[in-house]
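S.K.: Here's the letter readout for the chains.
2 protein chains.
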Amino acid sequence: MGFKTALQGSADATEKRLASLLSEKTGGAEALNEAIAYSALGGGKRLRAYMVREFCELCGRSPECAIDYACAIEMVHAFSLIHDDLPAMDNDDMRRGKPSNHKKFGEATAILAGDSLALDAFGTICGNSLCSPHQNEKAVLVLSKCAGSNGMCAGQQYDLDGEGKKLGIDKLTRLVDLKTGALFSCACLLGCIAASATEEQSIAAEEFGLLTGRAFQITDDLLDIRSTPEVLGKSIGKDIKSEKSTFVSLLGERGAEEFALECIDSAKKCLDSFCESESKKRLLSFCDYILTREK
Amino acid sequence: MGFKTALQGSADATEKRLASLLSEKTGGAEALNEAIAYSALGGGKRLRAYMVREFCELCGRSPECAIDYACAIEMVHAFSLIHDDLPAMDNDDMRRGKPSNHKKFGEATAILAGDSLALDAFGTICGNSLCSPHQNEKAVLVLSKCAGSNGMCAGQQYDLDGEGKKLGIDKLTRLVDLKTGALFSCACLLGCIAASATEEQSIAAEEFGLLTGRAFQITDDLLDIRSTPEVLGKSIGKDIKSEKSTFVSLLGERGAEEFALECIDSAKKCLDSFCESESKKRLLSFCDYILTREK
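First to last, the protein sequences are chains R and Z. Residue 170 in the numbering used here sits at position 188 of the first sequence; the count goes up by one each step and never skips. Residue 199 in the numbering used here sits at position 217 of the second sequence; the count goes up by one each step and never skips.
No lab work stands behind these hints, which were simulated from the structure alone. As the structure is a computational prediction, the values presented were derived from the model and not from experiment. Treat the hints with caution; some may be incorrect.
Any copy will do: because identical chains look the same in the list, a pair fits if it lies in one copy or spans two.
Within a straight-line C-alpha distance of at most 30 Å, the following computed DSSO-like cross-link-like pairs (lysine-lysine) qualify [said to hold, decoys possible]: (1) Lys223 - Lys153; (2) Lys220 - Lys251; (3) Lys(-14) - Lys147; (4) Lys148 - Lys263; (5) Lys263 - Lys251; (6) Lys277 - Lys251; (7) Lys153 - Lys86; (8) Lys85 - Lys220; (9) Lys86 - Lys223; (10) Lys262 - Lys251; (11) Lys277 - Lys263; (12) Lys86 - Lys147; (13) Lys85 - Lys223; (14) Lys85 - Lys147; (15) Lys148 - Lys7; (16) Lys220 - Lys86; (17) Lys80 - Lys263; (18) Lys153 - Lys7; (19) Lys153 - Lys85; (20) Lys147 - Lys7; (21) Lys148 - Lys86; (22) Lys147 - Lys220; (23) Lys223 - Lys263.
Start from the sequences and build out the full structure, keeping to the hints where you can.
M.R.: Have a look at this one:
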């Protein structure tokens, strides 16, 4: 199976499992459940879920064993998008071609929908009977660390701090590594945990996630000035409007492209220590996809 | 040791351990760390932490073994207060006698501080080496369920839905059981998990939490009309202003007092099946305290 087929298959499996997990939550408030489903279901590329599943397979276990970890990280990703879009944060009205959560459900419910997804994600990990309590405990530690005050949330705070300021490339890289890279790394690590990978494999996986996350963000910066709202499903030109430093504003388009290519070359090298397999071939294609994606 | 001494000792131990846990998080953004510490440290009654620790002792293990669970639930409680105070939610400017988090740090950072505390709480549970991976896994499941889309967050959504409407006593009780009771129950259950309590003990503990949570909320409603901002450290008369149904608006002051007393009588009965101990005596005093507290 090639990369594109695997990515689509992974997205479908994740979507199906997520829908099933959410449908079990029937005790709550209707408006809240609707707002949660609106953002957690119905698409997205599910790249993080793919990485969880593919690293599980790369390390020798069926990706189905990591399906709940894949769902958990997509829940955390969905939560972060809902909160990022809020008026007090990036104030975005559109997401994936439709009104953002707070535009559809109001700010208060959007905040609660994000909160719920963040909180439910950890229960999803610990409800996973295909992994041991020890694996689930490790998975919670990794997700908490990568998403919390020393991970993604710190990246978002640096992003706020940096508005209207010119950051150096070092500070911007630190920001991006936290805001985007931490969750990419987390995805790879969750796959490793589900497969009981070695320490060496886990270190390589974490680095792979950080580098592909960095390249992903550079591509995002390029798409923000090159693409259209119709193709991206969200507003464009935001970075210029909010006077945020980006890899493009600091390095120029050509320099940003070169930096992304460097990150991807290094990411590919992280896979050197893994045995040859279909899974490894697909992860190499995933690297190219990160560079060439159009949305 | 009497109840008041135990409560103060528990609060001190929790505060100290929380400060230590937060100080380990030095990789993040300074403004965010400051906002987190502002709300997570510096007081509060720490009732939930007390319940975790006291139920651990009641079920036969030293409360120190449950200290990280106690910190985790206080982190989730602090997160919920930060988000509840936001302009889009209850729009409260004061909390514990000082400006609420968003008044001090701005809305965006307040949202992130709440998010961080929610996410970090689960890492705190799983970093607890005094309990087994199996215990930590159970603790995550319970906290996630009680706080997430079928627990506290659902209660907050019902609260929003109910503004300007007259709820029946059944609907108000469901709201309060989710908004307040779920986390009280969670606290008692976390103590049981840390002490490897029996199934029967855990069921009684959960019920005890729900009933004391309900009584706590009734007292809150009464204090909202009887106390002063100086004593409470937050604004009063909010319920009337936001046209929310409360136990007082539905049952009158006298009726609300009677209902709280009924809840506390039932809560005390939940302790019948536990052996006589200092811990049990203190929990009976805790019940009386819930009824008579002045802030």
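S.K.: If the cutoff is 30 Å on CA atoms, where do Lys85 and Lys147 land: within, between, both or neither? Let me know, please.
M.R.: both (29 Å within a copy, 23 Å between copies)
S.K.: Given a CA cutoff of 30 Å, do Lys86 and Lys147 count as a within-copy pair, a between-copy pair, both, or neither?
M.R.: between (32 Å within a copy, 22 Å between copies)
S.K.: Could you place Lys277 and Lys251 in one of the four classes (within, between, both, neither) given a Cα distance threshold of 30 Å?
M.R.: Within. Shortest intra-copy distance 25 Å satisfies the 30 Å Cα cut-off; inter-copy 60 Å does not.
S.K.: Measure nothing new, just compare the shortest in-copy and cross-copy C-alpha distances for Lys148 and Lys7 to 30 Å and report within, between, both or neither.
M.R.: between (45 Å within a copy, 26 Å between copies)
S.K.: How would you classify Lys223 and Lys263 at a CA-CA limit of 30 Å: within, between, both, or neither?
M.R.: neither (40 Å within a copy, 63 Å between copies)
S.K.: Evaluate Lys147 and Lys7 at a C-alpha cut-off of 30 Å and name the case that applies: within, between, both or neither.
M.R.: Answer is between; shortest inter-copy Cα gap is 26 Å, intra-copy 43 Å.
S.K.: State whether the alpha carbon distance between Lys(-14) and Lys147 is at most 30 Å within one copy, between copies, both, or neither.
M.R.: neither (39 Å within a copy, 51 Å between copies)
S.K.: Is it within, between, both or neither when you check Lys148 against Lys86 at 30 Å Cα-Cα?
M.R.: between (34 Å within a copy, 25 Å between copies)
S.K.: Given identical chains, is Lys277 near Lys263, meaning Cα to Cα at most 30 Å, within a copy, between copies, both, or neither?
M.R.: within (22 Å within a copy, 63 Å between copies)
S.K.: Is it within a copy, between copies, both, or neither that the alpha carbon of Lys220 lies no farther than 30 Å from that of Lys86?
M.R.: Both: 21 Å inside a chain and 27 Å across chains, each within 30 Å.
S.K.: Using 30 Å as the alpha carbon limit, work out where Lys153 and Lys85 are close: within a copy, between copies, both or neither.
M.R.: Only across copies: Lys153 and Lys85 sit 28 Å apart there, 32 Å inside one copy, limit 30 Å.
S.K.: If the cutoff is 30 Å on CA atoms, where do Lys153 and Lys7 land: within, between, both or neither? Let me know, please.
M.R.: between (41 Å within a copy, 19 Å between copies)
The structure does not agree with the numbered hints 2, 3, 4, 17 and 23 stated previously, though it agrees with the rest.
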